[in-house]
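J.: Just so you know, the sequences run in chain order A and B.
Going by our numbering, the first sequence opens with residue 336, and the numbers climb by one from there.
Going by our numbering, the second sequence opens with residue 1127, and the numbers climb by one from there.
In short, the hints are calculated from the structure, not lab data.
Source: prediction; values computed, not measured.
For every residue, glycine included, the Cβ atom is placed at its ideal position computed from N, Cα and C.
Only true hints are included.
The list that follows gives simulated cross-link-like pairs (lysine to any residue, SDA-like), each with its CA atoms no further than 20 Å apart:
(1) B:1152 with B:1340
(2) B:1246 with A:522
(3) B:1181 with A:544
(4) B:1246 with A:352
(5) B:1246 with A:354
(6) B:1181 with A:542
(7) B:1181 with A:552
For each label pair, taking beta carbons as the anchor points, the in silico distance ranges come out as:
(8) A:657 with B:1249: 31 to 37 Å
(9) B:1246 with A:502: 42 to 48 Å
(10) A:543 with B:1183: 19 to 25 Å
(11) A:352 with B:1265: 26 to 32 Å
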Amino acid sequence: MTAPTMTDRTGLTGWLQRRRGVLITAALLVAFPFIISIVVDGQGLAAVWSNEQGNARFLQGLAIEVFILALYALSYDLILGVTGLLSFGHAMFFAVGAYVVLIAALLQAFLFAIVLPRVKGITFALVTLGFASVFWIVIQSSDLQEWAGAEIGLQGVEAPVWFLDTTNHRFAFYLVSLAILLGVFVLYQRIIDAPAGKVFASIRENEDRSLMLGYNTFWFKLMVLVVASITAALAGAMHTMHQPIVTPNVASLAFTVTALLIILIGGVGTLTGALVGAAVYRLLQFYLDRWYGAASELLIGLAYVLLVLYLPYGIVGTWRARSLRIKEGRDRLLQMVTGASKETSSPEE
Amino acid sequence: MSVILETQSLRREFGALVAVDDVSVKIEEGSLHSIIGPNGAGKTTFFNLVSGTLKPTAGRVFYKGEDITDLPVHRTIHEGIGRSFQITNIFPNLTVFENIRLASQALGSDSYRLFRSHLKFTEHLERTNEVLEEVGLTSRAPTLARTLPHGDQRKLELGMILAPDPDVLMLDEPTAGMAAEQVPELMALVQSIQEAGNKTVVLVEHNMNVVMSVSDRITVMHQGALLAEGTPAEISADETVQTAYLGALYNEEPGRDGGKT
Ligand SMILES: Nc1ncnc2c1ncn2[C@@H]1O[C@H](COP(=O)(O)OP(=O)(O)OP(=O)(O)O)[C@@H](O)[C@H]1O
Ligand SMILES: [Mg+2]
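Generate coordinates for the entire structure from the input sequences, incorporating the hints supplied.
T.: Structural data, given as structure tokens:
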């Protein structure tokens, strides 16, 4: 990365090459329901579109849950992993979306964003915790029962358009949520590679120095919080479409911890880790529960301990560190053999 | 010559302690002005007050005739004052290249761009390469900053304030903790930057040989207050300075910074 590498290809081929990971993932996931329909269910291709009952339909439902969790965890990774801000209030943004008050979500994002970028470190964490607690009390309150349903939550929210109707048009909703997830993922990747994203990383590394370099870190933290809270609200709204019963649990502290857990599993600050982590988290939870019932909680706990022990940087983070080490070793070997000093590329993503 | 930076009765208290005690200094444009004094004299605190890291209890700071006392810390560099730190203050888990690149990118509005790759902003990349060359870190560009040896981290620290090309460089012990043989090289670099760009350098430095040979003027601080000011010749001849500071420093602290012989 020393010299401006202007060799990277532009135009369509360049784009295809740079985004091949996302494109391959997209292709596989679009094909997935069809494969299940044919191989497992013994139904035809058309069964997927006509919404037949079976494994294909069921697994799409599970996958949609993963997509929504991934979107939510992705937004948390931007705040914590990329920018280094520890927030305990992230579930609140999701919940606002889940309660389908998008206008309020935007207002809230700006409102909180004006307070939050002014505080640092542990104060930031405490302020977010405070906001989240207030929010939690508010949505459960009986005064708001008419709109928020108090302890029970919302029930029977109807899909506004057919492609958001998970019951009757599951494949359409599957495609929509997949597209939203991957679209936001690509957007986030662009953000962390852009000048502003680089400033986010500098805030995580050393905010005081970032200020001294001339960055008004307030505005950058504001950008992060606005982008992430809108994303979380979007995930929340999709959640409501998918599970027409919304309980106040989505606003609880535990649900923020879920985001934290997902990115810890996947790899903090890697973005890809949020997607991988969400899949591992939800599938482990679902299948362990199905196979072992009551014992599953214990097994899940055990699985997390093992993951943390053996993959300290999460799945994606550890993978990258390993492949980097392998690459360094290979380069050193090459150097020894050829005597040429070929520079290793930057380990920073 | 005109005064570029001036403090008027600048004061900072920490509880009962007066760390900077009514210090008034004038710094000439284009000069190399050193601030010396024993440990705890208030030199770093003085730097913190001028650069906006700390707010003074009383007194004002003027830069090019303008009152900058209440300027927020992130504005100082936009005005043209760059400041380096006694204790290395870098982005440890970013590459050397990225550390300097962030410093190069900071002044314009480019940093607010959210969707365009930073690699497309070639002027920052070019500036980064220039600075790396200048401080001699080109070969370390892809290394993580925290894995650099101490001496190279000091060079990086310097590079980060050179990148935005400020008019005034405030260097707080740029050679602190450097190996003795690296000191002349770094000081030669500082001098060449100052002379070539007609820049003003405010230098805090413990190594007396260095201070006496590079400075145009020297301000001596002692227990927060101004003790003396003058040319290197005047300062080394000054008796109060001799007894209060220089003698003590030479006798009691041999080999501090590893730079004294
Ligand atoms: N943030 C702070 N809070 C309380 N006391 C402080 C603070 N910063 C500095 N001091 C005190 O102010 C006095 C001056 O410290 P300062 O760091 O400015 O000295 P210095 O001249 O830079 O010393 P050195 O040569 O060791 O770097 C010291 O007694 C120090 O303990
Ligand atoms: Mg000091």
